[in-house]
Amino acid sequence: MSRYTSATDADRSEMLRQIGVESIEELFREIPARLRLSSPLGVGEGLSEQEVYEELRTLAARNVSTEDEVSFLGAGMYDHYVPALVDSIILRSEFLTPYTPYQPEISQGGLQAMFEYQTAISELTGLPVSNASVYEGPSAVAAAGYVAKLANGRRRFIASRGVHPHSRETLATLAHGWDMAVEEAPLSGGTTDWPSIGDDVSAVIVQQPNFLGAVEQLEPIAEAAHRAGALVICACDPLPLAVLKPPGECGVDIAVGEGQTLGNRLDFGGPSFGFFAVTEALMRRVPGRIAGETQDADGRRGFVLTLQTREQHIRRERATSNICTAQALNALAGIVYLTWLGRQGIVELVELMIQRTAYARDRLEAIEGVTPLHDQPVVRELAVGIDAPVDRVIARCREEGINPGYALGQDYPEFEDGLLVALTERRTRADIDRLAEVLAAAIAAERSELAGARR
Amino acid sequence: MSAPRGSASWFTAAADDELTIFQRSKPGRRAFVAPGLDVPERPLDELLPPALRRAEPPRLPEVSEPEINRHYNRLSKRNFDLDTGFYPLGSCTMKHNPKLHERVAALPGHAKLHPLQDPARAQGALEVMWRLQDALAEIAGLPHVSLQPSAGSHGELAGVLLTRAFHEDRGERRTKVLTPDTSHGTNPATVTMGGYDVVKVGTDQAGNVDLDDLRSKADEDVACLMLTNPSTVGLFETGIEEIARIVHGVGATLYYDGANLNAIMGICRPGDMGFDIVHFNLHKSFTQPHGGGGPGAGPIAVSERIEPFLPRPQVVRRESSENGSEPYFDLDFDRPKSIGRLRGFQGNYGVFVRSYAYIRSLGAAGLKEVSEVAVLNANYLLARLRAEGVLDHLPAAYERLCMHEFVLSGSPMKRDLKIKTLDLAKRLLDHGVHPPTVYFPLIVDEALLIEPTETETKETLDRFAEVVAEILREAREDPEIARNAPYTTPVRRLDEAAAARNPVLRQT
Amino acid sequence: MAEPSYPADLLYHAEHDWARVDGDEATFGITWYAQDSLGEVVFFEAPGVGTAITKDEPYAEIESVKAVSDVFAPLSGEIVAVNEALSDSPETVNEDPYGDGWLVRVKLSDPSETDQLMDASTYEATLQ
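Heads up: the protein sequence lines correspond to chains A, B and C, in order.
Going by the numbering used here, the first sequence opens with residue 2, and the numbers climb by one from there.
Going by the numbering used here, the second sequence opens with residue 85, and the numbers climb by one from there.
Going by the numbering used here, the third sequence opens with residue 481, and the numbers climb by one from there.
Chain A on its own, in the form it takes in the complex (with noise of 0.2 Å):
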């Protein structure tokens, strides 16, 4: 009997009686013999809850995490400071370990969560209607990409290059199912050279700041976009909405996300969550759950899962998606951070990143061998070309300490030897001089290898 179970032999031979057979192995003979296993699964013994804590801490020792060196990786999720307030929250049983709200009456705790949270998006966005979750941001976008297809029919996208690589190939897969072409819009000059757009095209798709970091002009493409009659996908960044234009306000119709950097851990890529706003007039369009307002039978306040039948349970072959099971714990983090923050908090937080990111920028274009690979407007991250070959200087950085961030060639071949380098509040002005400082010294010492052997 493992630790989880509780059947003795007594409450064994008491229940199997009560069924009416004589052993638990009766109780499966509906399966063909030739189906059943003869020996066990080849998974090994089990363990001991201490062993397999001792297990799980060794193959942690194994990871160089943003605790062991410092890191400016960014490209997407963000090595923010969590507080303390956000785990003592998800971690409580009643936040972790309940289902989907189905019986509101019990579970009005979530409910009303979802419904702050999907205030706070609303806020950020700009957008009236925002839903409680979806799984993260890449695969958002292309959830966005399938409500623009049952929303026009059109057979065409076009995304900017400057939408981060995993969406773009997101939206790819998926379109491929739909038939339908995913074109790209060249980045010049680190924004958006949009073509025109033609009335078979179903959205295009802007990020905000784009991957190299540069803050992106969206009202000239949704205006050209709504023109044709093409809806307009916005992947946000949620942080640099505290500063910037909402995109709501910019005529985007629906803006999608990665939500890791409110609140959530790194975790090696996951869960985390994507958000999801759209404007009242896709309203019945959103996918996923969606928290509403309502009265109970005595006229008190309460909330529940509304707007249903967009869904896979009801709708089935017509829902607006498929999903079922989204990120609920991870947009509570999420809620839970941005109210830690609040409305003066975010402002400063994220002012605080420009300034560093400024300063940052500043630092590096001044070494030698380092370019801008643009000179737009940044807010937490920025791009430069390295004049070495980038991975051999990243390697040396990691020998100091320093993460120096993403090397841009494998998605960019265009920017070879780029790097993208992500700033947040954990990163101080002492970090970004040793950044420079190590970054200076990588790049020397690979330029003089080279220029030794070519001697």
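Everything labelled a hint here was simulated from the structure, so no lab data went into it.
A hint or two may mislead.
[Unchecked claim] 30 Å max Cα-Cα, derived DSSO-like pairs, lysine-lysine: (1) B:502 to C:546; (2) B:110 to A:246; (3) C:535 to B:284; (4) C:535 to B:301; (5) C:587 to B:284; (6) C:535 to B:161.
[Stated by the list, open to error] Some chain C residues close to chain A (C-beta under 10 Å, calculated; not the full set): (7) 522; (8) 523; (9) 525; (10) 545; (11) 546; (12) 558.
Yeah, the Cβ is synthetic: ideal placement off N, Cα and C, and Gly gets one too.
Using the hints provided, position chains B and C relative to the given structure of chain A.
Just chains B and C now, with coordinates in the frame of chain A:
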């Protein structure tokens, strides 16, 4: 009418508990204060022209930390949860969430690892993923696993897209996917999202897929049949091998919805039954906490012929690296026939850590015991309900041994006692029990789908049967009681129609 | 409307829709049985005036809290009016399915199609 008591004791709300955190906001209050500026300050207008900026800060709440703490604590007390009580939700597998898992998932080496960290410096994480893949492959009886999908329905979508890639690779374009009429709603929704047409296959009187109907519909335009085994009515598909023959006979793939895996771990394997693609719900059989609606994960296991199309990247183990001779773990992007990505980065790693810890805790014997006791508990609960006379009003939809869950029909109860399945569910709330799944599967009228899981004690099952019997006795006396239930919960029945007619989706 | 009712002056379609024919126009709606099965209606959006609809084909969807259902055209024609009041009060479909709960008004393209519809007693018999 005075509020009839149940046996539950719910948290008594204060008058202002219904205020949202936004309504508690007061200008000037705050929790976070940003660190002081330690770099030279530049004018914001220079760095970010005003045309790109908001006019006003976003209207987030202004509250202090103690207020946030109290608000969410009090909210939590208006939630029922699995740690607190029995949750026999059919098809959801609400089993105990071991507390060790939170401890290991929180280790900084796991929790604070950036997804784009160099694989050479994430060997622990890649090894967790690789070993989990290995274990899941063993449980499924299929050799190749992708951990990328984020939930069951995401895994289903992967399955449909893999099927498409498989057929296209052979130069074929098929247009239909078959699903049973008992299927979970995610199945047909997924099929449509994958670009196929849904064709329903009937269920026979015994609760199995109707083989004649299947034969008549399985043709070379069918890409795939999606099945759950045991089915959503909790019964083993005894004709599964014949089903596989029919489906493979027309060149289609056979997809296994793993929602009901809790019934068969260590007993039999979907791969051996002939399935090509299997998805797992790590938030069901593998104890990832449900979190009120996620996160979860929906990894897939596939047969050899489907392997080339798996999402990119795959976690692999290489025998040696450039730098050493030791085997090491890596992300493999070089997959020319892959369907591509289904999401960013590698998947819900935090969920993998917990599921891996679970599998290591149980081992082969423990996993088998899970299924044995899950099936034992379900059959026992059915027997107790029969002994308490409940089945006289709520008969089992199928007169067979059930597996890990079973379906009752509330039709006779509705006719004779004048209360519906919905009313029974609401009255259960007054007794501190989460109701079973209601009105699913669709083919059973006034359905009640009950899955106790293996982590519940015999006493809990006995009590549940007693409570149901009591509610039926009460209904015989006065059906109005259940019809207006619940009475003791933080809110009573809510007007869902008003919420759908005039949606209010945020605090204004 | 609490009790089943199937007015004798209407024609009925197997998919639980009714037609009130008035010269070369007709008004359509859903029957008592349909609104009872759906439960409380929360949303209905008709296609625009001028849309051509075809007998036996769905022309709109009607939603309740727990279900979505196609609404089928009993006869073919062009929509000349839609019941705007339903945007604010969709539950009128439940309260008065044959009166204020009408859905669309259509100019018929082939009035002879009425021969294929059922009268009240025939339709009611199909519900047993």
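Tested hints:
no.	hint	verdict
1	B:502 to C:546	holds, 21 Å
2	B:110 to A:246	holds, 24 Å
3	C:535 to B:284	holds, 25 Å
4	C:535 to B:301	holds, 28 Å
5	C:587 to B:284	violated, 36 Å
6	C:535 to B:161	violated, 54 Å
7	522	holds, 8 Å
8	523	holds, 7 Å
9	525	holds, 8 Å
10	545	holds, 7 Å
11	546	holds, 6 Å
12	558	violated, 22 Å
Going through the hint list in order, the structure does not satisfy hints 5, 6 and 12.
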